[in-house]
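Letter by letter, the chains look like this.
2 protein chains.
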Amino acid sequence: MVEVALGIDIGGTNTVYSAVDRNGNCLVNGRISTNDYIDFSMFLQNLVKSINNSISSFDQDKLELIGIGIGAPNGNFFTGTIEYAPNLKWTGIIDVVSSFKKYFENIPVVLTNDANAAAIGEKVFGSAKGMKDFIVITLGTGLGSGIVVDGKVLYGKDGFAGEVGHTIVYYDGRECGCGRKGCLETYASASGIKRTVIEMLETSNLPSVFRGLNENEVSSKKIFEAATKGDQISIDAFEFTGKILGWKLADVVAILNPEAIFLYGGLAQAGDLIFNPTKKHMEDQLLKIFKNKVKLLPSGLSCEQAAVLGASALIWKERGI
Amino acid sequence: MVEVALGIDIGGTNTVYSAVDRNGNCLVNGRISTNDYIDFSMFLQNLVKSINNSISSFDQDKLELIGIGIGAPNGNFFTGTIEYAPNLKWTGIIDVVSSFKKYFENIPVVLTNDANAAAIGEKVFGSAKGMKDFIVITLGTGLGSGIVVDGKVLYGKDGFAGEVGHTIVYYDGRECGCGRKGCLETYASASGIKRTVIEMLETSNLPSVFRGLNENEVSSKKIFEAATKGDQISIDAFEFTGKILGWKLADVVAILNPEAIFLYGGLAQAGDLIFNPTKKHMEDQLLKIFKNKVKLLPSGLSCEQAAVLGASALIWKERGI
Numbered sequence: 001m002v003e004v005a006l007g008i009d010i011g012g013t014n015t016v017y018s019a020v021d022r023n024g025n026c027l028v029n030g031r032i033s034t035n036d037y038i039d040f041s042m043f044l045q046n047l048v049k050s051i052n053n054s055i056s057s058f059d060q061d062k063l064e065l066i067g068i069g070i071g072a073p074n075g076n077f078f079t080g081t082i083e084y085a086p087n088l089k090w091t092g093i094i095d096v097v098s099s100f101k102k103y104f105e106n107i108p109v110v111l112t113n114d115a116n117a118a119a120i121g122e123k124v125f126g127s128a129k130g131m132k133d134f135i136v137i138t139l140g141t142g143l144g145s146g147i148v149v150d151g152k153v154l155y156g157k158d159g160f161a162g163e164v165g166h167t168i169v170y171y172d173g174r175e176c177g178c179g180r181k182g183c184l185e186t187y188a189s190a191s192g193i194k195r196t197v198i199e200m201l202e203t204s205n206l207p208s209v210f211r212g213l214n215e216n217e218v219s220s221k222k223i224f225e226a227a228t229k230g231d232q233i234s235i236d237a238f239e240f241t242g243k244i245l246g247w248k249l250a251d252v253v254a255i256l257n258p259e260a261i262f263l264y265g266g267l268a269q270a271g272d273l274i275f276n277p278t279k280k281h282m283e284d285q286l287l288k289i290f291k292n293k294v295k296l297l298p299s300g301l302s303c304e305q306a307a308v309l310g311a312s313a314l315i316w317k318e319r320g321i
Numbered sequence: 001m002v003e004v005a006l007g008i009d010i011g012g013t014n015t016v017y018s019a020v021d022r023n024g025n026c027l028v029n030g031r032i033s034t035n036d037y038i039d040f041s042m043f044l045q046n047l048v049k050s051i052n053n054s055i056s057s058f059d060q061d062k063l064e065l066i067g068i069g070i071g072a073p074n075g076n077f078f079t080g081t082i083e084y085a086p087n088l089k090w091t092g093i094i095d096v097v098s099s100f101k102k103y104f105e106n107i108p109v110v111l112t113n114d115a116n117a118a119a120i121g122e123k124v125f126g127s128a129k130g131m132k133d134f135i136v137i138t139l140g141t142g143l144g145s146g147i148v149v150d151g152k153v154l155y156g157k158d159g160f161a162g163e164v165g166h167t168i169v170y171y172d173g174r175e176c177g178c179g180r181k182g183c184l185e186t187y188a189s190a191s192g193i194k195r196t197v198i199e200m201l202e203t204s205n206l207p208s209v210f211r212g213l214n215e216n217e218v219s220s221k222k223i224f225e226a227a228t229k230g231d232q233i234s235i236d237a238f239e240f241t242g243k244i245l246g247w248k249l250a251d252v253v254a255i256l257n258p259e260a261i262f263l264y265g266g267l268a269q270a271g272d273l274i275f276n277p278t279k280k281h282m283e284d285q286l287l288k289i290f291k292n293k294v295k296l297l298p299s300g301l302s303c304e305q306a307a308v309l310g311a312s313a314l315i316w317k318e319r320g321i
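For the record, the sequence lines run as chains Y and R. Anchor point for the first sequence: position 94 equals 94 in the numbering used here, and the numbering is continuous, going up by one each time. Anchor point for the second sequence: position 137 equals 137 in the numbering used here, and the numbering is continuous, going up by one each time.
Keep in mind that the hints were calculated from the coordinates and are not lab data. On a predicted model such as this, the values are computed, not experimentally measured, just so you know. A hint or two may mislead.
If several chains are the same, the list does not tell them apart, and a pair holds so long as it fits within one copy or across any two.
Stated by the list, open to error - With a straight-line cut-off of 25 Å between C-alpha atoms, the simulated DSS-like cross-links for lysine-lysine are:
no.: 1; residue 1: Lys129; residue 2: Lys317
no.: 2; residue 1: Lys243; residue 2: Lys295
no.: 3; residue 1: Lys291; residue 2: Lys102
no.: 4; residue 1: Lys181; residue 2: Lys293
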């Protein structure tokens with residue numbers, strides 16, 4: 001028998017899972033669509049079917065499921081619920097942990113938000129092994145953050161800590177989906193850099209591959225590709241994004257004094273294009289006592305597996321792994 | 001024998017101490033000048049003499065000293081040193097804990113910064129009893145903060161966490177003593193509100209008791225007194241100070257999700273004049289999930305004793321008080 005923890009990453013489009021052993025090997029993998037299901041219970045029924053098929057078809061040693069860890073947008077560790085997640089079709093409060101426990105009665109089921117899961121994954125299987133104070137910043141459609149303090153995820157009073165993406169850069173800045181203005185995630189995220197390019201096309205006369213295109217044809221991935229080919233607007237957009245992110249990370253460092261900050265997600269895949277300006281402007285804005293002390297790092301986990309490894313690590317960390 | 005922990009608050013002008021029993025009673029009190037001593041070892045020698053005299057003159061039950069807790073600007077819990085404190089005459093790194101231990105060999109000596117000491121004091125003896133996640137903001141000459149997460153002070157990697165006063169409000173804002181621009185403490189502090197009044201005297205034509213006075217004649221205490229007598233510039237200065245503070249506290253809430261924020265120090269004594277605008281603008285800027293959940297409170301400790309109670313609580317908390 002091989003012990004495995006099931007890691008499930010619920011995303012807006014797909015839900016991905018892996019049965020992960022104590023060394024971080026993904027022995028069984030699978031996925032189902034998330035947004036095909038308007039009803040959570042139908043989604044869950046099909047997910048469980050897929051999981052059971054995958055696990056029973058594993059043809060080497062038998063797998064012993066020791067627990068289920070779930071990462072999801074707005075997942076609350078304390079209540080086991082997903083609350084008003086803007087990118088999911090299930091509205092209101094979804095009682096995720098209780099619902100899973102009906103199918104998996106005798107093993108622990110743990111839920112947290114995707115950024116916290118990423119942080120735990122980095123600590124258990126990635127580059128934060130041995131670190132007690134660090135932060136994971138996920139640069140996706142929005143900006144999420146998982147904060148680890150003295151070896152434990154910082155949840156706060158109600159489990160909602162880590163909303164770094166909703167700290168304010170400019171009090172009269174860009175409108176945010178949260179109803180306020182100037183939030184960090186309106187600048188430093190995949191959608192933020194897209195807004196920056198569209199703004200720069202208006203304010204600058206530089207030539208760009210994006211001139212004359214429809215808004216829908218601009219994406220963070222295309223901005224990255226254009227920047228690597230020398231498109232100046234795209235390069236400037238990365239510089240601007242890194243500046244804003246670096247500034248706000250300096251604030252976060254002042255409050256939390258972490259050993260390292262990890263950048264995760266699609267935008268972090270741009271490598272030096274995003275890391276260099278972020279590092280430069282963060283250092284410029286750091287108090288003297290913090291200068292040249294805080295590491296800015298990419299994830300130590302492979303991009304495809306980071307989310308499910310993080311989710312499974314919710315279980316493995318309880319085993320002292 | 002009555003067990004007492006000695007709480008020492010090292011300030012720029014005076015150093016105050018109390019022998020505090022487990023119920024928070026200050027049984028013996030004393031003080032010596034801090035800034036009379038350019039040399040730390042001379043300061044310490046005289047402080048120890050004063051302490052020994054005070055304790056031996058206590059004429060009821062004998063006192064048993066169980067430990068010494070020290071709060072000081074830039075006091076570092078991990079290293080036991082005061083590092084480059086701008087308001088103290090001792091330059092460089094002062095090895096405080098080791099020096100005290102030469103005089104008090106067999107009892108624990110613990111040092112932390114004044115804001116962390118205030119936070120521990122509030123938890124052990126004040127209004128944060130039973131709270132696990134809260135923040136103390138000290139509004140003195142600067143702005144300090146002590147952050148408690150899951151029942152423990154947040155120190156971070158190097159013991160420097162909690163520099164909320166040096167998060168940035170405006171990137172092209174007021175010059176700060178730290179060498180940067182726009183730090184929160186240049187707005188929300190005793191010196192910040194003084195700068196605000198002086199600015200407002202220039203930008204507005206409103207009458208004010210401060211018109212025609214020398215800068216040195218403006219102080220946060222006088223601004224408070226003027227505001228209570230209806231001086232509009234002074235009232236507006238409190239409103240502006242509270243707005244900036246409230247805005248930044250909303251950022252801090254987004255990151256830390258605390259149960260409560262305590263306002264401490266001279267400026268907090270202004271009561272509604274500072275609490276009302278701070279609360280209003282904090283609520284305006286909070287994410288929906290945090291609205292009407294975070295208490296904004298005054299300290300539960302008497303103003304004169306808060307610092308020494310906090311310092312002594314560094315010791316008492318180890319006894320599970």
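Against the structure, the hints:
Taking the shortest Cα distances, Lys129 and Lys317 sit within 25 Å of each other inside one copy (11 Å), while across copies they are farther apart (30 Å). When the C-alpha separation of Lys243 and Lys295 is checked against a cutoff of 25 Å, the pair qualifies only within one copy, where the shortest distance is 17 Å, while the shortest distance between copies is 34 Å. Taking the closest pair of Cα atoms, Lys291 and Lys102 never come within 25 Å of each other, the shortest separation being 51 Å inside a single copy and 34 Å across copies. In this assembly of identical chains, Lys181 and Lys293 lie within 25 Å of each other by CA distance solely across copies; the values are 21 Å between and 32 Å within a copy.
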